[in-house]
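S.K.: What follows is the residue order along each chain.
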Amino acid sequence: MAASLETLVGVKFGILSPEMIRKMSVAEISNPDTYDEDGMPIPTGVMDPRLGTLEPGQRCKTCGNTYLGCPGHFGHIELPVPVIHVGFVKHIHLLLRATCRSCGRLKIPEDEIRRLWDELEELKKLGKVSEEFYYKVAQRAIASQTCPYCDEKQYRIELEKPVTFIEVVNSERRRLTPQMVRARLERIRDDDLRLLGFDPEVARPEWMVLTVLPVPPVYVRPSITLESGFRSEDDLTHKLVDILRVVQRLRENINAGSPSPVIAELADLLQYHVTTYINNEAPGIAPATHRSGRPLKTLVQRLKGKEGRFRLNLSGKRVDFSARTVISPDPNISINEVGVPLEVAMQLTVPEKVTEWNIERLRQLVRNGPNKYPGAKYVIRPDGRRVRLSYVQDLEEVANALAPGFIVERHLMDGDIVLFNRQPSLHRISIMAHVVKVLPYKTFRLNLCVCTPYNADFDGDEMNLHVPQSEEAQTEARILLLVQNNVLSPRYGAPIIGAIRDFLTAAYLLTRDDTYLTKKEMSYLLAAIGYDGELPEPEIKEPEPRWSGKQLFSLLLPKGFNHRFKAAFSPEIEVVIENGRLVKGVIDKNAIGVEKANSILHRMMVEYGPDATREFMDKLVKLLNTYLNLRGFSFGIDDLEIPKEAHEELERIFDKMNKLFEKLKADYEKGRIEIRPGETPEQAFESNILQLVSETREEAGKIARKHISRDSSAVIMARTGARGSPLNIDQMVAVVGQQAVRRERIKRGFTDRVLTFFKPGDVSPRARGFVYSSFAKGLDPIEFFFHMAGGRDGLVDTAVRTQQSGYMQRRLINALEALYVEYDGSVRSMDDGRIVQFLYGEDGVDPMKSYHGEAVNVDILVNRLKISASSTPASESALNELTRQYEGKLPPKVIETLVKAVQERRISAGDAELLFKEAYREYLRNRIEPGEAIGVVTAQSIGEPSTQLTLRTFHFAGVHEASILRGLPRLIEIVDARRTPSTPMMRVPLIKEIAQDLKEAQRIAKQIKCTYLEEIASDVGLDLRRNAVIIVLDEATMRDEGVTVKDVDQALKSLKLKFERSEKTITVYADEKEKDLERLKARLMSLKVKGIERITKAIVRYEDGEYVILTEGSNLKKVMQVPGVDYRRVWTNNIREIASVLGIEAARAAIVRELKHVLDEQGLDVDIRHLMIVADMMTISGAVKQIGRHGVVRLKESPLARAAFEISVQTLIDAAVRGEVDKLRGNVERIIVGKEVKVGTGIVSLLMSYPGIADGSGSKETGEAKIEGRGGG
Amino acid sequence: MSKKKESPPPEEPSILEHFLVPKHRILSSEEAEQVLRRYGVKPHQLPSILASDPIVKLLGAKPGDIIEIIRDSPTAGKAVYYRHVVPAEE
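Sequence order for the protein chains is A and B.
Heads up, the first sequence is in our numbering, so the first residue is 90 and it goes up one at a time.
Heads up, the second sequence is in our numbering, so the first residue is 423 and it goes up one at a time.
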């Protein structure tokens, strides 16, 4: 199967020449009519039977096949006048300008051309020639006013959208007809074209002016017969008919010798039709429409965008053997199982080869047929004939005919492997392999532990199921995709599958100190998990035997399991597990939950492997489910009860708040409010109020938390991590708090008030959305309104965010998709073989196998090796010896931690050696596997969590001065590699000597801050008599800003204008060059008198034990030169600036830092190795490139891959002009043409084959066939 | 990033000392050859660094040179990277 596909080695792009079009045509199409009276297609019409046939009974007139076998054949239309192809207008325009209008030579002198040729050869040797080179050549040629060869004067040529060229000859605008354009293009020499990046072999420029139009086969534009019997033609057919009509009229007119204006008009009409036939959205042209007004979907529209050919049919393909239905939970099936409804199981089939060992079983299945459950739908005989069992009368006969070599397509059965998927497939664990369990009813059933990776709930979610058919696919699914092999997330190296919700509640309730179980309960629970061992000794023997919940839980743990960690319930509780016994502490989210590193699950996965972990989880879930059923757990209004005193306390707090507000308001009205720099009084007042309400909410929350019972279900759920947060409880019990729209108190509605209920101008908490009630008490109508407004804002925010992060992920995927890990551990690009990293993640470790990022976890090793402190710890020299031995084998950091562990734990020399040896083994085990499609994993690891990022900029009420961009917008800004960030910022530390000196810091801050003359001028006037501008300086501001009159003098001197200054009045005289006084004034106002450009604000802060200057605006180069600044530690968030000042490597480091910072700030756990890949990819060309169509994606070698991302059509057209070849090496291209991708298990290939080695026959042919066959495996 | 330099004059900021800038070194032609052989690539398949890069200018490297970069790595401690010097884009 694969052998025939393997023969496709590349796709060459080019332009069809008229001869080529005629050669591949089977019929000249000239008749505008399509069908005769009988509804038969007219020969030479657009539906000419030679182009192929759509009727089931008919045979193609050209190849004799029926519509199933006929590939379709092109026809052609001879155009009476040439027509410009819209797609190529840019290229035609460029060529017309770059070449001589008379002799057709490139307008560059001979010697220069020779130099350019040398340069081009040089560049070709270095790899792909950049667009910039060709652009440079073209610009050089266009600049020439006369032709260096024939001395002909050149004129400007303008392009009038969409397809008209105008030559401006001495301000006379002459139109160039397509004939003239074509004639000029014909004259251009091949070599000149090569210098411009054209490939004249496959793309002669005159071919960009059409003289013959290919007519696509009918299969490309099938007509549909409506129910009413009317035939409805495809848009393309309509357009072709339009073209043919004009062609016919044009020909008649030409033959009749009509006057040229008539012919020109018809030629324009033809141009219009051909243009819209190609692109119906070309700028500057009215789209051709249906009679209904709907614009036609023509060639370009068929390819473009999400609904276009590329993204809809080529990058994504439809599949058979799949099913979809609603999902529902089932704690009683294993985490790696999926419950499949019987009905579905009877539709989906698995091919099974008949062998002498399964023949009887398969015979029975065939006997059962398609309608009795374990049955079969098809039998495939060795000759390839398919027998559909639902058509077979005598199933017994078919069953008996079965022999080894037959294939039976049987119903889906228990134990089969299937792929299970929930959209959006944001990361690879959105698709995992499950083992089939056929169940009654109509939903897919899944274990609750796998809800997290799929992000599934059961409020109507549907999921898809796919049945892998080949044995290779089934095996890969079983080994790589099975649920238990994906418990650890490649995003952060900790479990992503684990107990959630009620299971965590149940785990806590079961394992807390006062839970004891009777013998009956014990037996019931153990029976539920199928425990068949001995009952342990009861913890309490008298009077009745009682087992503790911890004892019961311990039965699930493997013997010899040791672990210590902190519980989620309370950080004071240390959980201790010794030798498989839960000695102390409670089990909750930190023990068995998801997204928690160093939990029991995590340890078990690392130490005992996937199968033991799966079994543990299966039993755990069953046990906890049964226990919670037994015990009961509910949540009601009485769980939110607090005593009367608490309510009174709350009232007092609100009274206090209202009083404080009145005071604030009075202060504000009297102007006694403290205003921070850059704030208006209103903003200061507002931020004070905001601070007041948030403090009040916090205080109220404290009361709630103090008074609410620790046994309240709400508290248990929040603290165990099952559901809800302390904030939710506060809102239910004490106060809902401030409602916000766009991070501000709600102020929209009527003039000066939100609702007519309030007085205009009322800014009290209640009038601006503070909800005094709790959810338990209930909201009054006003509060309800505010709450709704805040809630709606939240919904809008989520909707916008999913869109933005979705697009970011698409770009990440497209930019990184081609990256894979080579056998030597380096990361390379599939399409051009370029190295991106020399060792993946710099230590070669798979984030999924790492211990939450750590290459090797020493703790686990020590535990596993049972190493304990020794009385004779390893000597220094012995350690040095070990270090030297493992240098180069282990990453430096691992060696460092090992040495530290040996010293701290006082490990003996022998044990230390053992430890190093084991660490090395562990390191090798944790190495990333060759072939891993690491680019995609990276893109998913960043894209998937980005949906959870906050969208909007954050205003810290009263904490921060500026609003800083963060969350998703900042993340997008970083990967976009914007020229300047929206909030440029710097952090400027000072040298040690003055780091503690506030005065000095403030002085430098003032020195850095950029001040303009405008800011320190108290008055500016124009003196018309003396023709001068008079400026009066404001001494107070000058002092504040730290500007001296000297600074002002200096700045004015730089203007080279006459001026005089007396004290604080400056007179600047206008001179010849600057006559306009108003202009001069504006220039003076924006004159910088002091500081560094672009630094708009500089404040001093005390951070980490020293004074640092934080600035708004960034100017790295200048700031680093300021004396007193510790230039080694100056930081800016402008990555482009870092690249230009400190170099590309510094920029790379900055990208990693910034990405990490954004994600950490939002509490998202992403392994740093992923961020490194993004940073290395963005800086691979030596300049910072964006993740997107202008950056990383454009660097791709393959035109198909670029076309599949964005701007499909232009990419293809450019590829044609350049004569590019797609070598089909990248993943996107391979998917488009239907080849297997060369990442993952596809990386394996046979380098050399010995004839006959595969089957021992010794024949060369079979030997070679085997190699190609390998490709598919 | 502690780079020891004998008595650095504080007035002369050297970008090489900045904490974001790792150590760069031009490889000798033998070393460069070795790197290319180890990874089995042509120079243009290595990551690039522009000839106009400030660090490249300081080192005096020319297009065609290969630069070794020793990065501080959060995962491995120290990590080596190579970049091939290419002519600056105009």
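A couple of the hints might just be wrong.
30 Å max Cα-Cα, derived DSS-like pairs, lysine-lysine [unchecked claim]:
hint: 1; chain 1: B; residue 1: Lys445; chain 2: A; residue 2: Lys1207
hint: 2; chain 1: A; residue 1: Lys1081; chain 2: B; residue 2: Lys445
hint: 3; chain 1: A; residue 1: Lys1170; chain 2: A; residue 2: Lys1142
So the derived label-pair ranges between C-beta atoms look like this [said to hold, decoys possible]:
hint: 4; chain 1: B; residue 1: Leu481; chain 2: A; residue 2: Thr1185; range: 48 to 54 Å
hint: 5; chain 1: B; residue 1: Gln456; chain 2: A; residue 2: Lys989; range: 31 to 37 Å
hint: 6; chain 1: B; residue 1: Gln456; chain 2: A; residue 2: Asp1065; range: 34 to 40 Å
hint: 7; chain 1: A; residue 1: Gly1252; chain 2: B; residue 2: Gln456; range: 42 to 48 Å
hint: 8; chain 1: B; residue 1: Gln456; chain 2: A; residue 2: Thr1185; range: 47 to 53 Å
hint: 9; chain 1: A; residue 1: Lys752; chain 2: B; residue 2: Lys500; range: 56 to 62 Å
FYI, nobody ran anything at the bench for these hints, they're computed from the structure.
Cβ coordinates follow ideal geometry from the N, Cα and C atoms, glycine included.
S.K.: Of all the hints given earlier, name the ones this structure violates by number, lowest first.
M.R.: Violated hint (a single one): 4; every other hint is consistent with the structure.
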